[in-house]
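Enquirer: Each chain is listed here by its residues.
There are 2 protein chains.
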Amino acid sequence: MSVKVITVGEKILGANEDKAKENKKRLDRYGILTINIMSSPGAGKTSLILNTIKHMSKKTRIAVIEGDVASSVDADKVNAVGIPVVQINTAGGCHLDAFMVADALDSLPLDKVDLLFIENVGNLICPNNYLLGEDIRLMIASMPEGDDKPLKYPAMFADTDVVILNKVDLQPYLDFNEKSFRKVVVGLNPDVTILPVSCKSGAGMKDWLDWLETALKKKQNK
Amino acid sequence: MSVKVITVGEKILGANEDKAKENKKRLDRYGILTINIMSSPGAGKTSLILNTIKHMSKKTRIAVIEGDVASSVDADKVNAVGIPVVQINTAGGCHLDAFMVADALDSLPLDKVDLLFIENVGNLICPNNYLLGEDIRLMIASMPEGDDKPLKYPAMFADTDVVILNKVDLQPYLDFNEKSFRKVVVGLNPDVTILPVSCKSGAGMKDWLDWLETALKKKQNK
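Protein chains in written order, with my numbering: chain A, -2 to 219; chain H, -2 to 219.
None of these hints come from the bench; they were simulated from the model. Misleading hints may appear alongside valid ones.
Said to hold, decoys possible - Quick list of the computed label-pair ranges, beta carbon to beta carbon:
no. : chain 1 : residue 1 : chain 2 : residue 2 : range
1   : A       : D207      : H       : K109      : 56 to 62 Å
2   : H       : D73       : A       : D204      : 32 to 38 Å
3   : A       : V78       : H       : T190      : 36 to 42 Å
4   : A       : T57       : H       : T190      : 30 to 36 Å
5   : H       : G184      : A       : K180      : 40 to 46 Å
6   : A       : S104      : H       : K18       : 16 to 22 Å
7   : A       : E175      : H       : D204      : 30 to 36 Å
8   : A       : P169      : H       : W208      : 41 to 47 Å
9   : H       : G184      : A       : P106      : 48 to 54 Å
10  : A       : S104      : H       : D204      : 46 to 52 Å
11  : H       : D73       : A       : A88       : 34 to 40 Å
Here the structure is a predicted model, which means the values were calculated and not measured. Heads up, the beta-carbon is just placed ideally off N, CA and C, and yes, glycines get one too.
Generate the whole structure from the sequences, applying the supplied hints.
Expert: Here's what the structure looks like:
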């Protein structure tokens, strides 16, 4: 008699992938550009979202899903600037999954949204395995984390569409070799876009906003 | 008929805890002080270890277990300064567990070690759930990550013995409110020791080394 082996991880990931496809179809129906933002804790996910809202919310209708292990600190900040936001607390879970996002979508006015940011849980490992239904996978690397992060967390860098290299205002005080960072990232992911920015000083924000405008137009013309 | 429910997570954690107790007994037999170091990616785990080696390795016999998703970047640095080191690559796994550490212990000269650092995978969530057999749980919070991290990753801050607040050399260039950081950490964990340091400038290193000397003496007198 043969024994059927079910690998729990694969089963979970398969179910997640199906749900992510459903989410994607639902978001596509409304023409919403959806960006899954991943990074280490404190790399600047919320800062990037708040800065983008500041520059774009007059002409682009933005909504946000905030994923956190605990607290609603980030959702409160987004809510304070008048943007529709849903907080997902994972109660210890180290990543968002497509089922959580499906629930969150139920609470958003999708017919009034052009751009949806999904801020994942701060973690450079697990979120990478769970598609959510996004168009774009974006990761933020924070300069103070050091230039060796792509060597140490290669999967996240390999699978992303865009790397925001944040906190470049601190570069004068760090031993960060941007050339070697770029070399490893491009080695892992030849098609990636790397955008150095500082959410604090505003450096590089124009490049990011231009990139985002292009992605929005591409989505709307589909 | 009653149905027996086995929660996979609990079963795994239970087996891990048993193995951690075994590791602890084994390390205790040799009188080795064992410290499990946890943090976000790039907060300074390896820098703290290398700095401590620099100051203490003449009188204290140190060994290191390096945990990483991929690469041996950190183990190579430790090896270069002549300290026994074992690299564990988790191949995508987001934390070390007690079984991995048990294997690593087999490769270390335990009868010639006083102090063992276990550098966990860079992650502020999952490593917290897996005891390894350590005496001391140490976490590093990096100042550029922001003062709100204890609110957002409370479990890690609640369960640690000591918080190293690293990269204080960057404080002049950051909006980091140390008072509010300390207030939340102590609220979660009233008995915690908080030690601000800069592995780069050396600020605060004496306090850390003194704290460590005291812990070593306590272990050796047991």
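Enquirer: Against this structure, judge whether each hint is valid.
Expert: Each hint tested on the structure:
| no. | hint | result |
| --- | --- | --- |
| 1 | A:D207 to H:K109: 56 to 62 Å | holds (59 Å) |
| 2 | H:D73 to A:D204: 32 to 38 Å | holds (35 Å) |
| 3 | A:V78 to H:T190: 36 to 42 Å | holds (38 Å) |
| 4 | A:T57 to H:T190: 30 to 36 Å | violated (47 Å) |
| 5 | H:G184 to A:K180: 40 to 46 Å | holds (44 Å) |
| 6 | A:S104 to H:K18: 16 to 22 Å | violated (45 Å) |
| 7 | A:E175 to H:D204: 30 to 36 Å | holds (33 Å) |
| 8 | A:P169 to H:W208: 41 to 47 Å | violated (32 Å) |
| 9 | H:G184 to A:P106: 48 to 54 Å | violated (37 Å) |
| 10 | A:S104 to H:D204: 46 to 52 Å | holds (48 Å) |
| 11 | H:D73 to A:A88: 34 to 40 Å | holds (38 Å) |
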